[in-house]
Amino acid sequence: MNKNDVTKLILGLVILVFSTTFAYFTARYLRTSGTFGYWPTLTMFSIGYILLGVICAKIYPVSLGFLFASVILLLHNLSDNFDEFASIHKTIIVGFALVVLYIFAWHKLKDPLENNQPVQPVQ
Amino acid sequence: MALVLLWPFLIFILGVTFIALVDLNLGGWWLALIIIGYLVYLPFLRESKRRGVSSMSNTGQLEILRQAVITFALALLAPVFVKYLIESLHTSLPAVIGGLFFGFALVVWGVFIRNNKTISWGNIAGGALTIVYVYSQIWELGELARVYATGFGLAVAVVVSVIKLKDRLLTTNRT
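Residue numbers (this note's numbering), protein chains in the order written: chain Y, 85 to 207; chain S, 2 to 176.
Worth flagging that the hints you see were computed from the coordinates, not collected in a lab.
Glycine included, every Cβ here is placed at the ideal spot set by N, Cα and C.
Take these hints with a grain of salt, some might be off.
To be verified - Once the Cα atoms are required to be at most 25 Å apart in a straight line, the calculated DSS-like pairs of lysine-lysine come out as:
#1 Lys192/Y - Lys167/S
#2 Lys142/Y - Lys87/Y
#3 Lys167/S - Lys118/S
#4 Lys118/S - Lys92/Y
#5 Lys167/S - Lys87/Y
#6 Lys192/Y - Lys142/Y
#7 Lys142/Y - Lys92/Y
#8 Lys165/S - Lys118/S
Stated by the list, open to error - On the chain Y side, residues computed to face chain S include the following (Cβ under 10 Å):
#9 Val90
#10 Thr91
#11 Leu93
#12 Leu95
#13 Val98
#14 Phe102
#15 Ile134
#16 Leu136
#17 Leu151
#18 Ser154
#19 Leu158
#20 Ser171
#21 Phe188
#22 Lys192
As the list claims (entries may be wrong) - Computed footprint of chain S on chain Y, listed as stretches where at least three residues anywhere in the stretch have a Cβ under 8 Å from a Cβ of chain S:
#23 119 to 128
#24 140 to 149
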């Protein structure tokens with residue numbers, strides 16, 4: 085890992101930490117002042133971070149920092165509220181995850197060519 | 002989009018898998034820690050098996066980790082999906098039969114798919130877990146349902162075995 089990579093890693097971590105704490109502090113402030121709910125605020129932040137991550141896709145540290153922050157916010161939201169969702173909503177969430185996983189595995193995780201050779205019969 | 006940007010999504014899917022397992026009382030966060038530890042250790046395990054042949058690059062280790070995460074998520078999310086689906090349809094008979102078809106379809110797809118071990122292993126494990134869960138639900142629906150379910154399972158097993166063995170026999174005869 086050279087100096088450039090270390091700089092990228094540190095900047096990505098700084099973006100991750102600051103974006104996560106910014107979302108949590110804002111959500112807590114809005115809840116205390118009665119302006120907006122805690123979990124809806126975190127959800128909106130995570131959606132915003134995903135959009136930012138996609139927009140900055142060519143700058144890896146910035147993009148990954150925002151995307152990992154959105155993952156933290158979404159997982160925290162889900163882990164606290166998942167049992168309150170209706171079964172049909174859980175089905176949709178899990179089904180969506182399955183479909184995306186299959187699409188990704190189908191297109192990107194094919195076996196290397198050496199495994200595609202026909203099996204030689206045993207003499 | 003570069004492959005590196007898919008890591009947040011994979012970690013999110015892994016998190017959703019654990020949240021669903023905890024929601025279903027199928028294990029606490031200690032189980033999640035054990036599985037994550039195994040997944041992280043897996044590339045090094047493969048490396049030690051390959052020792053003396055060639056060393057694996059970091060990219061290769063990440064590739065193995067990515068495959069393991071996806072196989073694991075597919076294997077666990079399939080039965081969780083069927084369980085939620087059956088629950089949302091109030092454990093009706095059509096829903097249970099649909100779940101049974103889904104489980105067998107996954108297993109058959111996993112057995113016959115080529116060039117993609119990730120989907121193959123994920124489908125076989127996920128389909129098997131789905132079938133076990135659906136059969137546990139069928140058991141409560143009465144004796145006739147059990148007869149249909151076991152008959153259907155037997156028919157699928159025989160058809161799959163015949164097709165696989167026929168394939169092997171043809172390969173042997175060509176020699």
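Cross-check of the supplied hints:
Proximity of Lys192/Y to Lys167/S is assessed by CA-CA distance (about 31 Å); at most 25 Å being required, the pair is judged violated. Simply put, Lys142/Y and Lys87/Y have alpha-carbon atoms about 20 Å apart, close enough for the 25 Å limit, and the pair holds. As the CA atoms of Lys167/S and Lys118/S are separated by approximately 22 Å, the hinted pair is consistent with the 25 Å bound. For the proposed pair Lys118/S and Lys92/Y, the alpha carbon gap of about 34 Å is over 25 Å, so the pair is violated.
About 59 Å separates the Cα atoms of Lys167/S and Lys87/Y, which puts this hinted pair outside 25 Å; it is violated. Only pairs whose Cα atoms come within 25 Å are accepted, and Lys192/Y paired with Lys142/Y is accepted, the gap being roughly 20 Å. Pair hint Lys142/Y plus Lys92/Y holds up; C-alpha atoms about 13 Å apart against a cutoff of 25 Å. Pair hint Lys165/S plus Lys118/S holds up; C-alpha atoms about 17 Å apart against a cutoff of 25 Å.
Proximity of Val90/Y to chain S is violated relative to the hint, the smallest CB-CB distance being about 16 Å (cut-off 10 Å). Of the supplied interface hints, the one on Thr91/Y is violated, with its beta-carbon coming no nearer than about 17 Å to a beta-carbon of chain S, more than 10 Å. Using the Cβ-Cβ criterion of 10 Å, the hint placing Leu93/Y at the interface with chain S is not satisfied: the shortest such distance is roughly 13 Å. Given the 10 Å rule on beta carbons, the hint for Leu95/Y is violated: about 15 Å separates it from the nearest Cβ of chain S.
Because the closest C-beta pair between Val98/Y and chain S is about 17 Å apart, greater than 10 Å, the hint is violated. Given the 10 Å rule on beta carbons, the hint for Phe102/Y is violated: about 17 Å separates it from the nearest Cβ of chain S. A distance limit of 10 Å between C-beta atoms decides the matter here; for Ile134/Y the minimum to chain S is near 9 Å, and the interface restraint holds. Because the beta carbon of Leu136/Y sits about 12 Å from the nearest beta carbon in chain S, more than 10 Å, this interface hint is broken.
Checking Leu151/Y against chain S: minimum C-beta separation of about 4 Å stays under 10 Å; hint holds. Look at Ser154/Y: its Cβ gets to within about 7 Å of chain S, closer than 10 Å, so that hint holds up. A hinted interface residue such as Leu158/Y counts as satisfied when its beta carbon comes closer than 10 Å to some beta carbon of chain S; here the least separation is about 6 Å, so the hint holds. The restraint placing Ser171/Y at the interface with chain S holds, with a minimum CB-CB distance near 4 Å, inside the 10 Å limit.
A least Cβ separation of about 7 Å between Phe188/Y and chain S falls short of the 10 Å threshold, and the interface hint therefore holds. This hint holds: Lys192/Y has a C-beta 7 Å from the nearest C-beta of chain S, less than the 10 Å allowed. Figure legend: the segment 119 to 128 of chain Y, annotated as covered by chain S; annotation inconsistent (0 residues with Cβ-Cβ distances under 8 Å, at least 3 required). Counting residues of the segment 140 to 149 of chain Y whose CB falls under 8 Å from any CB of chain S gives 4; the rule of at least 3 is met.
This entry does not satisfy hints 1, 4, 5, 9, 10, 11, 12, 13, 14, 16, 23, going by the numbered hints stated previously.
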